[in-house]
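Asks: Kindly generate the complete structure, drawing on both the sequences and the hints.
Number 36 in numbering that gives the first Met the number 0 belongs to position 37 of the sequence shown; there are no gaps in the numbering.
Among these hints, one or two may not hold up.
[Unchecked claim] For each label pair, taking beta carbons as the anchor points, the in silico distance ranges come out as:
{"hint": "1", "residue 1": "N219", "residue 2": "E400", "range": "46 to 54 Å"}
{"hint": "2", "residue 1": "N380", "residue 2": "N162", "range": "43 to 51 Å"}
{"hint": "3", "residue 1": "R287", "residue 2": "E226", "range": "17 to 25 Å"}
{"hint": "4", "residue 1": "E72", "residue 2": "N219", "range": "24 to 32 Å"}
{"hint": "5", "residue 1": "T191", "residue 2": "E226", "range": "17 to 25 Å"}
{"hint": "6", "residue 1": "Y171", "residue 2": "E226", "range": "54 to 62 Å"}
{"hint": "7", "residue 1": "D113", "residue 2": "Y171", "range": "51 to 59 Å"}
{"hint": "8", "residue 1": "L68", "residue 2": "K101", "range": "38 to 46 Å"}
{"hint": "9", "residue 1": "I89", "residue 2": "E291", "range": "47 to 55 Å"}
{"hint": "10", "residue 1": "K59", "residue 2": "E291", "range": "46 to 54 Å"}
{"hint": "11", "residue 1": "N162", "residue 2": "R287", "range": "35 to 43 Å"}
[Said to hold, decoys possible] Lysine-lysine pairs mimicking DSS-like chemistry, simulated, CA-CA at most 27 Å apart:
{"hint": "12", "residue 1": "K59", "residue 2": "K27"}
{"hint": "13", "residue 1": "K109", "residue 2": "K21"}
{"hint": "14", "residue 1": "K215", "residue 2": "K58"}
{"hint": "15", "residue 1": "K407", "residue 2": "K215"}
{"hint": "16", "residue 1": "K409", "residue 2": "K397"}
{"hint": "17", "residue 1": "K61", "residue 2": "K27"}
{"hint": "18", "residue 1": "K376", "residue 2": "K187"}
{"hint": "19", "residue 1": "K418", "residue 2": "K407"}
{"hint": "20", "residue 1": "K179", "residue 2": "K109"}
{"hint": "21", "residue 1": "K101", "residue 2": "K213"}
{"hint": "22", "residue 1": "K217", "residue 2": "K27"}
{"hint": "23", "residue 1": "K198", "residue 2": "K157"}
{"hint": "24", "residue 1": "K213", "residue 2": "K310"}
{"hint": "25", "residue 1": "K217", "residue 2": "K349"}
{"hint": "26", "residue 1": "K187", "residue 2": "K379"}
Because the hints were derived from the structure by calculation, they are not lab data.
Note that the Cβ used here is the ideal one computed from N, Cα and C, for glycine as well.
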Amino acid sequence: MNIGFIAVRLGGLDGVSLETDKWVQVLKRMGHKCFFCTGEIMDKPGYSFVTERSYPELKKAKIIPRMKLKYKENIRIRRLRYSNKEDLLIHLIEDEAKAIKKDLIKWVKKKKIDLLIVENASCNPFHLPLGIAISRLIQGEDIQAILHHHDFSWERIKAGKENRIYENYIKYYFPFDHRKVKHVVINKVAKTELKKRYKLKSVIIPNVFNYKEKLKVKDNFNKNFREDFDLKKNDIIALAPVRVVPRKDLKTAIKIVSELDKKLEKHVVLVITGFTTDVGKPHETNLRRSAEKLNCDVRFIGNRIKARRYKLDGKRYYSLWDVYPYADFIVYPSIWEGWGNAFGEALAFKKLIVVRRYPIYRTDIEPLGFKTISFNKYGKNVINRIIYHLNHPEEIKKMAENNFEIAKRKLNYDLVEKKLKRIIERLDEQII
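Replies: This is how it looks when you write it as structure tokens:
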């Protein structure tokens, strides 16, 4: 079967790109051919850590500039959603949707696509014309599709009240339904909300990891990691492998590291590997101020963490996989996650995990039986538990090995293959 992936961007370190990578690996081993249509490929020429090894086809992806998040007309539409210029907004949305649909049809026919997999573009209206174009493409061409939903329109944080036209488009298209569409979500909360709000049935396929793969550890390339970021040999590294955005609650990570540094003999450093967007710069500034106030030593190294490792102009650029081996523990105080890729990665690298019990953690992850230092509200008990485990590495090893075995059984690629196989086999049925 020829399977076509559609996404605003691919090949980066964001959750959508990473999960697409994993689905591609699974579908290819099932014997399918995969093709790609996107607004942009992130991190050229590195692609993602999986991409270069597992699907060089991404290098031949169809690039449609109009599908890019920062395409000029999409930016204009997003600004107009708060205005009263409704006629202009309709004109722009319809023109863009029509143009994108035309390009998508050409790609579908050229590649003889049998099945579309839409990655997060039909549930979250960050690119309204694209979502509309996809809906009309599926209806007009009568093509089978799996809509892979990572997060939804109702989860968005709005900067203001959106006008009636914009809200109506969202209500009708995000998500949309069709007799040849199957909905896939990544957690139980999303499944419940989709059923409650739209009366739509869905299949849960959680974020997974290839726990059978032997991961790289310390080697000749990353041996200079500490030196490159002015980290001393005996420093304790608290790793926050997340983007610099408010919902990751890095202020709590700063508080935790600050308290640990006061109580432990060794120096504790918070290392944040996620990138900061232009919009997020003020938030990073606030975090730096908080760290300074609490005397927390923090490193924002997102500008040196890439999809793959390489050297350029005498500087080493590391992959996230180069950083994990040096972490003493993972701090993950997110308020909200669709699933939690960083949690799965920490399991794979067998690390001690300090995690807030965010909603999806409580409903989907915790019941699997993982042993972590979890909390609802940060307090002294969290600090004491971290100190205890850092002083008893044998306890960390025991917990980490147990967690790894659970993950290998319950969150592996075989789970994705089993569920995708069932969906594909029953695509002609209305209900799975």
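Asks: All the hints need checking, so say for each whether the structure fits it.
Replies: Quick rundown of the hints versus the structure:
1. N219 - E400: 46 to 54 Å: Check failed, 27 Å falls outside 46 to 54 Å.
2. N380 - N162: 43 to 51 Å: Given a distance of about 48 Å, which is inside 43 to 51 Å, the answer is holds.
3. R287 - E226: 17 to 25 Å: holds (23 Å)
4. E72 - N219: 24 to 32 Å: violated (47 Å)
5. T191 - E226: 17 to 25 Å: violated (49 Å)
6. Y171 - E226: 54 to 62 Å: About 55 Å separates the Cβ atoms of Y171 and E226, which means 54 to 62 Å holds.
7. D113 - Y171: 51 to 59 Å: 27 Å Cβ-Cβ, so the 51 to 59 Å window is violated.
8. L68 - K101: 38 to 46 Å: With a Cβ separation near 20 Å, L68 and K101 fall outside 38 to 46 Å, so the hint is violated.
9. I89 - E291: 47 to 55 Å: holds (48 Å)
10. K59 - E291: 46 to 54 Å: For E291 against K59, whose Cβ atoms are near 48 Å apart, the range 46 to 54 Å holds.
11. N162 - R287: 35 to 43 Å: holds (37 Å)
12. K59 - K27: Measuring from Cα to Cα gives roughly 16 Å; hence the hint holds.
13. K109 - K21: With a Cα-Cα distance of about 25 Å, the restraint between K109 and K21 holds, given a limit of 27 Å.
14. K215 - K58: holds (24 Å)
15. K407 - K215: holds (17 Å)
16. K409 - K397: At roughly 19 Å apart (the allowed maximum being 27 Å), K397 and K409 satisfy the hint.
17. K61 - K27: It holds: about 19 Å lies between the C-alpha atoms, which stays within 27 Å.
18. K376 - K187: Cα-Cα ~23 Å, so holds.
19. K418 - K407: holds (17 Å)
20. K179 - K109: holds (21 Å)
21. K101 - K213: Not satisfied, since the Cα-Cα distance of roughly 43 Å exceeds 27 Å.
22. K217 - K27: It is violated: about 30 Å lies between the C-alpha atoms, which goes past 27 Å.
23. K198 - K157: Roughly 25 Å separates the two Cα atoms, so the pair holds.
24. K213 - K310: holds (24 Å)
25. K217 - K349: Cα-Cα ~14 Å, so holds.
26. K187 - K379: Cα-Cα ~31 Å, so violated.
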